[in-house]
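**Student:** Chains as they are written, first to last, in my numbering: chain A, 805 to 1063; chain B, 42 to 345; chain C, 30 to 352.
It should be emphasised that the hints constitute simulated quantities derived from the structure, not laboratory data.
Using N, Cα and C, we set each Cβ at its ideal position, and we do this for glycine too.
Treat the hints with caution; some may be incorrect.
Residues of chain A clear of chain C, computed beta-carbon distances all greater than 10 Å [to be verified]: (1) F816; (2) N1044; (3) I1049.
Coverage of chain C stretches by chain B, computed from C-beta distances (three or more under 8 Å per stretch; other residues unrestricted) [unchecked claim]: (4) 150-161; (5) 171-177.
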Amino acid sequence: MLLQLERITLSFAGNTVLDAVDFGVAEGSIATLIGPNGAGKTSLFNTITGFYRPQQGSIHFDGAPIVKQKPHRVTRMGIARTFQNVRLFREMSVLENVMAGMHCRTRSGAIGAILRLPSQRAEEREILETSEECLRFVGIHDERERLATNLAYGHQRRVEIARALATRPKLLLLDEPAAGLNASEKIALIELIRRIRDERGVSVLLIEHDMSLVMKVSERISVLDHGSMITEGSPHDIQNDPRVIEAYLGQDDEELALS
Amino acid sequence: MSFFDSFFQQLINGLVLGSFYALVALGYTMVFGVIKLLNFAHGDFYMAGAFVGFGALSLVSGALGAGWMGIFVAMLLAMMAIGCLGVVIERIAYHPMLNAPRLSILITALAVSLVLQNAALALTGGQYTAFSTDIGFGGFEVGNLFISHNQIILVATAAVLMIALELGVSRTMYGRAMRAVSIDKDMCRMMGINVAGVIAVTFFIGSSLAAAAGTMAGAYYGSIWYFMGFLIGLKAFTAAVIGGIGSIPGAMLGGLILGLLESFGTNIEFIGSEWKDVFTFAILILVLVFKPTGLLGKSEVERM
Amino acid sequence: MATDEARRPTPFERLYAYLDAPNRRHTVHVIIILLLIVTPFIANQYTTVILTNALLYVVLCLGLNIVVGYAGLLDLGYAAFFAVGAYTIGILTQQFGVNFWLAIPFAIVAAAVAGVVIGAPTLRLRSDYLAIVTLGFGEIVRFTARNLEITGGASGLFAIPEPSLFGWRIDSASDFFYVFAVLAVLAYIASQRLYHSRLGRAWLYVRHDEDAAEAMGIDRVRTKLSAYIIGAIFGAMGGIFFSVNLGAISPESFSFEQSVMILLAVVLGGMGKIPGVILGAFIIVLGPELLRDLDSLRLLVFAVLLLLIMLFRPSGIWPDKRS
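The following block holds chain A by itself, in its conformation from the complex (with noise of 0.2 Å):
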């Protein structure tokens, strides 16, 4: 398993958020953790990058332990992430947003910069063509000069996956990449979703509601609710779960369209 979460327990002022979860993510899959709002989802997220501090379990990545360890760490030792609600810089070019993800791989300092060292040259171009590598590969190229809030929504979070790729990650956790976007939009993320595994051979684990995206690019799926994790299988497996199925009972969006 290239990340292993073993009985993680999160609280909030006596809440419990996350119960005693187990969950893993194969290397060299593409997984998925669905369920129900309110379900702790983006808590398992927060976790596993270092937002947030379990009470208790431990984090496995890569055969280290992470759990408590800041988030740029987390990051640096090859977990990258995007956000539910897009967090890019806003008043800053996409490329500089994306040359934001380099700067974990990098290391010139501020001598470095003020007496325009060789090495720290090297690096800046290190950069740029790293950057731009990776505007190419999620196809938006051609903007890199614009203002990242000038950008339509669909493009925005093509510039946060790769921003997220140039920290060059062992996984990447998506975290809901198609809310938002259209249905060729959708199709166009299920496409680059299996790119960035087949291409780059970085792992990929979101979550999403959209099933029918989630039963197309997934490979296993993991059911968290209301904090405990329920079940875990391939696509096939989970459709047929009668406990998946209750699990979203109440729920009245199109989430229920489990079919």
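Given chain A's structure and the hints, the job is docking chains B and C onto it.
**Tutor:** Chains B and C alone, transformed into the frame defined by chain A:
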């Protein structure tokens, strides 16, 4: 003087000092609670309160005398005036900034502080103004210990104000609304809570408490000047941090603790009273390092 | 909100865009260098001294700009670092007879250490805390200088020896003008290069969205601390040469008012915008020279000015397009 006498003398000094700190710290903490702003101008409300209180006293002293009776009336007038000043400043300077970057509102608060301070400087020419009263120097003697009437009246007044505030906040709709606003403004708007009104009331109460402290301090120490709000602003902030910023009981507790620490701490020989302010500052740094949430503060839950 | 879509630019915006164009920037640089070289020849002594002071302010403002303009941290005690630089030089050269040039590294290290002591505990917390802690720190440094024997107490240090370089004794007004001109140019180059570097971008990322920056692997505390320390070193550099220029320093040279003036210059010029900040520095120093009659109302005028800028044009007279 025996050890005990000296101990009690410092205790009383600390209580007096702590009462001032607590009253000013309350305004810091309340404003921080509702709009998450460190109001740098708060210390200057204290200064302005002292000047308005002084002016009001000279108006009412003809009828009421310049004893505690007159001072109380002057204090109430100063509280009204400075409370209104606080509300006006919030409307003009802070309200348009609530959704701007944090840095902007902080610099604006600094600008407000500088305007108040330098307006007072221009009006007084930078001179100390004598705050003359007829409160006298009477008191009780207990053994070698001397407690003046003024000290008792001062601490009691501060206590009454704080108890009234605590009751107001815990028992009324306003108090509940204030707590709700501090948690989620947008939700409050949707629930029909008058958020702007709650913020205005909070500024009014916070500023008027600073004005009360300013008037009493003027009467107690006998002189006022334009820069008197600067240090106490810093110290009241320290008090608010000790107690846990955002917590009303915390501000009261923090004020008393800081008053006592200063009173006792600077009586230790190797520190010496000229280092009093450095001592306070060291406490602030230590609290921020080891217990940034303060004694009664809640840690902020990070929300994504 | 800034947009890159069409909107009719104001004359000032067109002027700024004209001056910002890369090919013209070289011309502007050359003109400024030439002006700096000839100024002592054409200006009288008084004007030279005032302009030297303006160049000192350029150094200080560019330093504070890194803290406030780039990293978005409010430092209300910036004069403290200026004081640390000046006093370290004063004490080492005047009391211990250390050579001026050898004393410089000590002054820089002292400022950096002071930056860490103040920054490390506070930068982990909400950035508002830094503002008030630095306010306190500024006062403490001044207070300490006034109460210690080694700093000369309230009257300060005097007869700080003038430095010499390869036999050239730096002592006349025009000598010091050139010294500060070189310093200002170096500060400008360093600011410019930092702005376009990995570290410079990291400051902006952290200022815009701390969580997103952390998720990109940027250490938020370290990044802010580096801005704070670099700002401290700029301040110390100003103080180092200030002390030998005047030959005397006293605690009152480093008051809260001084910190406020430097901040005002940065805010007025345009936080984060290097030419704007330089312009701000000149306005703050030369403005009062033109308005001498104000005197007692001078500070009030500045305070009202600061308030008005924040309310009506918070990005300053020459705004930075990235912020």
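**Student:** Quick one: which hint numbers does this structure break? Sort them smallest to largest.
**Tutor:** none
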